[in-house]
Amino acid sequence: MTDRIADIWGERTPHAKGTVWPARVDQHLEDGIDEEQVEQWVPSACLLCSNGCGCDIAVKGGRMVGIRGRAGDVVNHGRLGPKGLYGSTAWSRSADRLTRPMIRVDGVLTECDWDTAMARIVERSKQLSPLEHGFYTSGQLFLEEYYTLAVIGKAGIGTPHMDGNTRLCTATAAAALKESFGADGQPGSYTDIEHCDAIFLYGHNMAETQTVLWSRILDRTRADDPPVLVCVDPRRTKVAEEAERTGGVHLAPRVGTNLALMNGLTREILHRGWVDEKWVAAHTLGIDDLRAIVEPYTPEHVAEICGIDAEKVTRAAEIFGTSANVLSTVLQGFYQSHQATASAVSVNNLHLLRGLIGRPGSGILQMNGQPTAQNNRECGADGDLPGFRNWDNEQHVRELAGLWNVDPLTIPHWAPPTHAMQIFSYAEEGSIRLLWISATNPAVSMPESARIRRTLAGEQCFVVVQDLFLTETARLADVVLPAAGWGEKTGTFTNVNRVVHLSEKAVEPPGEALSDLQIFLRYAGAMDFRDDDGNPLIPWRTPEEAFDAWREASRGRPSDYSGLSYAKLRGSGIPWPVTDAAPEGTDRLYTDAVFPTATDRCETYGHDLLTGGTVTEQEHRALRPDGRAFLKGAEYTPAHEPVSDEYPLLYTTGRTVYQFHTRTKTGRAESLRRAAPDMWVEMSPPDAAGLGIDEGDVVRVESPRGWLEAPVRIGHVKEGTVFAPFHYGGDPGRQANELTMTVWDPVSKQPTFKTAACRVTKVREGGWPAPAPTTAASAPAGAGVPPTAGGAPTVSRVVPVPSYPNDPASIGGR
Amino acid sequence: MYLVIYLGLARHAEQTMADSLRTVGQGHAQHPDVLFTCQALAKMSDEHVRRLTPIVERYGEQRHGPEVSEPERLHAEGLASVRTGPVGLLRDLQDLHVLGTLTQTTWTVVRQAAQGLRDAELIAVCDHASRQNSRQLSWLNTRLKAAAPQPLIVGG
Ligand code: SF4
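Respectively, the protein sequence lines represent chains A and B.
Taking our numbering, I'd label the letters of the first sequence as residues 223 to 1036.
Taking our numbering, I'd label the letters of the second sequence as residues 2 to 157.
Hints are computed from structural coordinates only; laboratory data are not their basis.
Be aware that a few hints might be false.
With a straight-line Cα cutoff of 20 Å, these simulated SDA-like cross-link-like pairs (lysine to any residue) come out [unchecked claim]:
| hint | chain 1 | residue 1 | chain 2 | residue 2 |
| --- | --- | --- | --- | --- |
| 1 | B | Lys146 | A | Trp636 |
| 2 | A | Lys500 | A | Thr544 |
| 3 | A | Lys940 | A | Pro1027 |
| 4 | B | Lys44 | A | Pro864 |
| 5 | A | Lys348 | A | Arg326 |
| 6 | A | Lys239 | A | Arg444 |
| 7 | B | Lys146 | A | Glu651 |
| 8 | B | Lys146 | A | Pro518 |
| 9 | A | Lys984 | A | Pro1027 |
| 10 | A | Lys790 | A | Pro1027 |
| 11 | A | Lys348 | B | Gly156 |
| 12 | B | Lys44 | A | Pro518 |
| 13 | B | Lys146 | A | Glu931 |
| 14 | A | Lys984 | A | Glu924 |
| 15 | B | Lys44 | A | Ala514 |
| 16 | A | Lys282 | A | His862 |
| 17 | A | Lys239 | A | Ala637 |
| 18 | B | Lys44 | B | Ala81 |
| 19 | B | Lys44 | A | Trp636 |
| 20 | B | Lys44 | A | His862 |
| 21 | B | Lys146 | B | Arg136 |
| 22 | B | Lys44 | A | Thr859 |
| 23 | B | Lys146 | A | Pro630 |
| 24 | B | Lys146 | A | Pro1027 |
| 25 | B | Lys146 | A | Gly380 |
| 26 | B | Lys146 | A | Pro638 |
| 27 | A | Lys348 | B | Ile154 |
| 28 | B | Lys146 | B | Phe37 |
| 29 | A | Lys239 | A | Asp446 |
| 30 | A | Lys500 | A | Glu616 |
| 31 | B | Lys146 | A | Gln840 |
So the derived label-pair ranges between C-beta atoms look like this [said to hold, decoys possible]:
| hint | chain 1 | residue 1 | chain 2 | residue 2 | range |
| --- | --- | --- | --- | --- | --- |
| 32 | B | Gly86 | A | Asp335 | 51 to 59 Å |
| 33 | A | Gly469 | B | Arg132 | 50 to 58 Å |
| 34 | B | Glu122 | A | Glu533 | 53 to 61 Å |
| 35 | B | Ser82 | A | Gln840 | 29 to 37 Å |
| 36 | A | Gly793 | B | Arg92 | 57 to 65 Å |
Heads up, incomplete: computed chain B residues facing chain A, CB under 8 Å, no partners named [what the hints assert, rightly or not]:
| hint | residue |
| --- | --- |
| 37 | Ala30 |
| 38 | Asp34 |
| 39 | Ile154 |
| 40 | Gly156 |
All C-beta atoms, glycine included, are put in the ideal place defined by N, C-alpha and C.
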């Protein structure tokens, strides 16, 4: 019986390089429930981080009462982490679930029936022109729901104002892949972990954000022939510790200087002859420009900008340059920071320069923050067109118009779809007059949250919120719609390494809650959207029919689902593309070193990484990329808000291990809630000492935009930096995003949550210690803080290793 | 030699471009991308002025020729203040675009002369500046396209 709060990654199952990751089934059942009492195990995948672990939901008496991993699943081989185990089902029975629609009557949200609520929305919607509509969605819905919403928005209403909170977490991943390879889609696979010789984690605290993936890495680093790890992070995370343990490096660049470091690494690779010249000449474009851009970034110059040792830069470059196979993973430390896309693209560049792509062990995982982010991007309910189509390519738009039987002019494609920050800005100005928010909580998650609250509360914009709970955002809405959650509806979603899972309905949603698909279909019906022949624009009714429609939309595109069906997915997760040629899916892309960059195929013609200016079709065509990948660079520029006398410390934010999103679900699971019950901030010992602050003292952290008050954990953050976890909502005075800036990356349009200046003042002595967990990167620097523990019991069983159809180690015979 | 007049014109045009970019950026600071990108683009123009200055000095600056007095006229066209609102932003970006085009064609003209004079240093400055001008114009164009429909159709 394991306490998986104390033991986050579970027991090790170390194994040698090139062998299959052993299977182990993790299980948690609610207090008082025995395995024999479980009436049904319903197949699904976990929705609490981007990993998407295959699992079965335990059902008893019409309720979800627990969860276990699926041994045969390619993603997790049966394992689950603390969030999956403790947080998957507890929220579903919370007394505060929304069960009836609500509309605002005399300023007060008042319960009503569905017809009344929908009539209120439709009445408003029909008064408004297409450009007065905006949709802001989530990384929490299913593919079928996103695709349906995409058709409603793009072909029914015809608005370009559609985006998701995926903009806050993975927009840079998508942008970086598009800039380098011509289209979205991870080149790598999780199976690279078993075959690589080095792993680079750039701004990726995997030990906390994707605990099961981290246990997969630990099972390699704790074996006799471990890969060497390199970690780039301003905090001393478990990843950083493991990097040093394996003989690698922990690089802790000053917040906002990632690109300078990447330019330095690139220069080393170029100067020290680690370039695969022949491969580069055959399969890439742009090496001369890249060489010129990175030339000034000597290790010494980089050391000065980033505040790290020059030798560490050269050592890291050497590990990259001399390891036979390297896996790189990138996340928010890069994506939500200054010069995000340029930094993420540099990671792709390093792989291209060495030709480390398309073979086992040499993968790139431009990670996602959320489990369904990938399919939001694929389906086009965010700032992309369905099927990774190029808004700037008339032929691609005509394909969609043909699919939906509408005039191509209906589909807004005069510019890229409006990004989230701009949508909120239009809502603030009053030119978007109906904003429909589904399954996300921007009042907490967006930068400068006070400004977002003002916008949503204002009279200028009619706000519809569809969610499980009356969140901070829902409280500001004009109409609130109760939605069914995970396990209460059927649909598919796709994780970062392209593995598609079918998540089946296990129980009925509470009260009158409806699935997001049903809600969108109701709206489409009430609006009576028609195609050019006068038939209903959206003919499908069930999730499976929506999936089949999507399958056609994806056919022939890089994210090809044409060989997939619900029946096929009832086995377990399968990575796309799945086609007649690859009926069991595709473990890795670009094995032939042909990239989707041809002008007629690519998803974008590309951008200037410094300014975001778009490359035109003519310019792209003149380059004749024809399947070659782009090497692209940009010069480092200082971050937007440097420290000053008034605000002398750098402010940065991040996710921690026991929480997800704005804690809508994880905050309602007792084991997780108790492990990290309340807001805290982290400071380094010298900074705290300088201000006379002890562990647990309450401080006020202020930036030019806002403030928060919370107890201090004196921990392992880099000197000069203050870290705040960004999950806590509730009172404005405890939200990390009160302080962050409204500024975004020029290419990906992802907001910068990780660079701002702040000052700290002590408010009062605290009730020692701070409510931060001790088990991961938030561990205290000093002794004496009681260890975080006390999770409900779970079981783990090592089971015989099944055969995984696409796993190179499995295929290699075992 | 009229080249010296054109060298002066190039320098003025870049200086005006830098100043106008900063003005527009600050004036529309509620759009953070406009603010920060205009600042980055202004730095490009600063750099052109810096690299051109010793060459101008080498040739000896002459601001007026018998038939040419463009530098002053151009200077007057710089953006000293900004318009307000979303349509105002569009108009300001358009003005910057006009200015940027003038700057770019000035470099084209200067480069032709530099080639005739086999002045390698000046050719290098022209090439660099033209490339950076293209980046400026490309961003202005991108931003204009994205910003246009909303204010023109739903006002505000
Ligand atoms: S690693 Fe992520 S997907 Fe897997 S169980 Fe944990 S939270 Fe769920």
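To see whether the hints hold, each was checked on the structure:
Using a Cα cut-off of 20 Å, the hinted pair lysine 146 of chain B and tryptophan 636 of chain A holds, with the two alpha carbons roughly 7 Å apart. Proximity of lysine 500 of chain A to threonine 544 of chain A is assessed by CA-CA distance (about 17 Å); at most 20 Å being required, the pair is judged to hold. Between lysine 940 of chain A and proline 1027 of chain A the CA atoms are separated by roughly 44 Å; this puts the pair beyond 20 Å, and the hint is violated. The suggested pairing of lysine 44 of chain B with proline 864 of chain A holds, with an alpha-carbon distance near 17 Å, which does not exceed 20 Å.
For the suggested pair lysine 348 of chain A and arginine 326 of chain A, the alpha carbons sit about 19 Å apart, so the restraint of at most 20 Å is met. Restraint check: the Cα-Cα separation between lysine 239 of chain A and arginine 444 of chain A comes to about 11 Å, which is no more than 20 Å; the hinted pair holds. This hinted pair checks out: lysine 146 of chain B and glutamate 651 of chain A have alpha carbons roughly 19 Å apart, not beyond 20 Å. A distance of roughly 35 Å separates the Cα atoms of lysine 146 of chain B and proline 518 of chain A; the hinted pair therefore is violated under the 20 Å criterion.
Using a Cα cut-off of 20 Å, the hinted pair lysine 984 of chain A and proline 1027 of chain A is violated, with the two alpha carbons roughly 57 Å apart. Between the alpha carbons of lysine 790 of chain A and proline 1027 of chain A the distance comes to roughly 13 Å, so the proposed pair stays at or under 20 Å and holds. For a cut-off of 20 Å, the pair hint linking lysine 348 of chain A to glycine 156 of chain B stands: about 18 Å separates their Cα positions. In summary, the hint linking lysine 44 of chain B to proline 518 of chain A is supported, as the alpha carbons are separated by about 18 Å, within the 20 Å threshold.
Restraint check for lysine 146 of chain B and glutamate 931 of chain A: not satisfied, since their Cα atoms lie roughly 42 Å apart, outside the 20 Å limit. For the hint pairing lysine 984 of chain A with glutamate 924 of chain A, the CA-to-CA distance comes to about 11 Å; that is within 20 Å, so the pair holds. The straight-line distance between the Cα atoms of lysine 44 of chain B and alanine 514 of chain A is roughly 19 Å, inside the 20 Å bound, and the hint therefore holds. For the suggested pair lysine 282 of chain A and histidine 862 of chain A, the alpha carbons sit about 54 Å apart, so the restraint of at most 20 Å is broken.
For the proposed pair lysine 239 of chain A and alanine 637 of chain A, the alpha carbon gap of about 47 Å is over 20 Å, so the pair is violated. A C-alpha spacing of about 18 Å is found between lysine 44 of chain B and alanine 81 of chain B, which places the hinted pair at or below 20 Å, so the restraint holds. Restraint check: the Cα-Cα separation between lysine 44 of chain B and tryptophan 636 of chain A comes to about 30 Å, which exceeds 20 Å; the hinted pair is violated. As the CA atoms of lysine 44 of chain B and histidine 862 of chain A are separated by approximately 14 Å, the hinted pair is consistent with the 20 Å bound.
Between the alpha carbons of lysine 146 of chain B and arginine 136 of chain B the distance comes to roughly 15 Å, so the proposed pair stays at or under 20 Å and holds. The hinted pair formed by lysine 44 of chain B and threonine 859 of chain A meets the criterion: a straight-line CA distance of about 11 Å does not exceed 20 Å. As the CA atoms of lysine 146 of chain B and proline 630 of chain A are separated by approximately 19 Å, the hinted pair is consistent with the 20 Å bound. A distance of roughly 47 Å separates the Cα atoms of lysine 146 of chain B and proline 1027 of chain A; the hinted pair therefore is violated under the 20 Å criterion.
Taken as a hint, the lysine 146 of chain B and glycine 380 of chain A pair is honoured in the structure, with Cα atoms around 17 Å apart against an allowance of 20 Å. Restraint check: the Cα-Cα separation between lysine 146 of chain B and proline 638 of chain A comes to about 9 Å, which is no more than 20 Å; the hinted pair holds. The straight-line distance between the Cα atoms of lysine 348 of chain A and isoleucine 154 of chain B is roughly 17 Å, inside the 20 Å bound, and the hint therefore holds. Using a Cα cut-off of 20 Å, the hinted pair lysine 146 of chain B and phenylalanine 37 of chain B holds, with the two alpha carbons roughly 18 Å apart.
A threshold of 20 Å between alpha carbons decides the hint, and for lysine 239 of chain A with aspartate 446 of chain A the separation of about 9 Å falls inside it, so the pair holds. The straight-line distance between the Cα atoms of lysine 500 of chain A and glutamate 616 of chain A is roughly 36 Å, outside the 20 Å bound, and the hint therefore fails. At most 20 Å may separate the alpha-carbon atoms for a hinted pair to count; lysine 146 of chain B and glutamine 840 of chain A meet this at roughly 17 Å. The hint said 51 to 59 Å for the Cβ distance between glycine 86 of chain B and aspartate 335 of chain A, and at roughly 42 Å that hint is violated.
For glycine 469 of chain A paired with arginine 132 of chain B, a C-beta distance near 43 Å fails the hint of 50 to 58 Å. For the pair glutamate 122 of chain B and glutamate 533 of chain A, the beta carbons lie near 38 Å from each other, so the given range of 53 to 61 Å is not met. At roughly 36 Å, the beta-carbon separation of serine 82 of chain B and glutamine 840 of chain A lies within the given 29 to 37 Å, and the hint holds. Between glycine 793 of chain A and arginine 92 of chain B the Cβ separation comes to about 59 Å, which falls inside the hinted range of 57 to 65 Å.
At a threshold of 8 Å, the smallest CB-CB gap from alanine 30 of chain B to chain A is about 11 Å, leaving the interface hint violated. The interface hint given for aspartate 34 of chain B holds, since its Cβ lies 7 Å from the closest Cβ of chain A, which is under the 8 Å cut-off. A least Cβ separation of about 5 Å between isoleucine 154 of chain B and chain A falls short of the 8 Å threshold, and the interface hint therefore holds. A distance limit of 8 Å between C-beta atoms decides the matter here; for glycine 156 of chain B the minimum to chain A is near 7 Å, and the interface restraint holds.
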